[in-house]
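Kindly produce the complete structure, drawing on both the sequences and the hints.
Under my numbering, the first residue of the sequence shown is numbered 274, with each subsequent residue one higher.
Hints are supplied without guarantee of correctness; some may be wrong.
[Claimed, not checked] Simulated crosslink set (BS3-like; lysine-lysine; CA at most 30 Å straight-line):
id : residue 1 : residue 2
1  : K419      : K368
2  : K385      : K417
3  : K417      : K378
[Said to hold, decoys possible] Per label pair, the in silico range of CB-to-CB distance:
id : residue 1 : residue 2 : range
4  : I360      : G383      : 48 to 54 Å
5  : Q397      : R374      : 49 to 55 Å
6  : A333      : E409      : 36 to 42 Å
7  : E420      : G354      : 17 to 23 Å
Source of the hints: derived by calculation from the structure; they are not laboratory data.
Heads up, the beta-carbon is just placed ideally off N, CA and C, and yes, glycines get one too.
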Amino acid sequence: MPNKLFIVSIYSLLFCCFLSAQEKNKKKKELPEALVVDSIIEIRNPYNPLSPAKAAFYSAVLPGLGQAYNKRYWKIPIVYGGLATGIYFYSTNNKEYNRYRDAYKSRLAGLKTDEFYFDTEGNQLTTPRVSTDGLERGQKFYRKNKEISLLVTLGIYALNIIDANVDAHLMQYNVDENLSLAPHFKINEIDATSNLGLTLNFKF
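So this is what it looks like as structure tokens:
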């Protein structure tokens, strides 16, 4: 009987020590997690649902302004370079189209005074450098190029707005070290072969 009491008391003592140790471990684990959560809350910027709309509006009013709002300053020269290129080609094709159209109108009026009746030195020619059919083809060619240049310019303007909106959305995504997707490379110790893979890691 005394042996049984002695064994029961020892088991009770060990059980109490085990419970107290578990409580201490829980307290130690809870404290860092709370600190990590608090630090994450302090570091993250608050989510602004109106930020994408603002960036798109700014880019619509003035191209590149939405990129400046998102602090993507390196994109501004690209936006203006694309718009300037589109405007340049539109202006050039429009100028050539007007040249051929004016000459064609002059031919229809029975005049021989358009620029294609003269050479580079200003001497009048008996036959024009460009025929009437050539003037018609020239008008169609430059009008088509002018319309394409206009569409490209409008497309770049629209992309400028879309880019500012999407960029503002992506800037507010929650990206931290607790969630990561990364490739891994491992050597198999049994047959010395290499294994490639992709791991998705969650840290709580």
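Quick rundown of the hints versus the structure:
1. Proximity of K419 to K368 is assessed by CA-CA distance (about 9 Å); at most 30 Å being required, the pair is judged to hold.
2. A distance of roughly 27 Å separates the Cα atoms of K385 and K417; the hinted pair therefore holds under the 30 Å criterion.
3. Straight-line distance between C-alpha atoms of K417 and K378 comes to about 19 Å, which keeps the hinted pair within the 30 Å bound.
4. The supplied range of 48 to 54 Å is broken by I360 and G383, whose beta-carbon atoms lie about 37 Å from each other.
5. Checked against the given bound of 49 to 55 Å, the beta carbons of Q397 and R374, roughly 21 Å apart, lie outside it.
6. One distance hint, 36 to 42 Å for the beta-carbon pair A333 and E409, holds here, with the actual separation near 39 Å.
7. The beta-carbon spacing between E420 and G354, approximately 22 Å, falls within the hinted interval of 17 to 23 Å.
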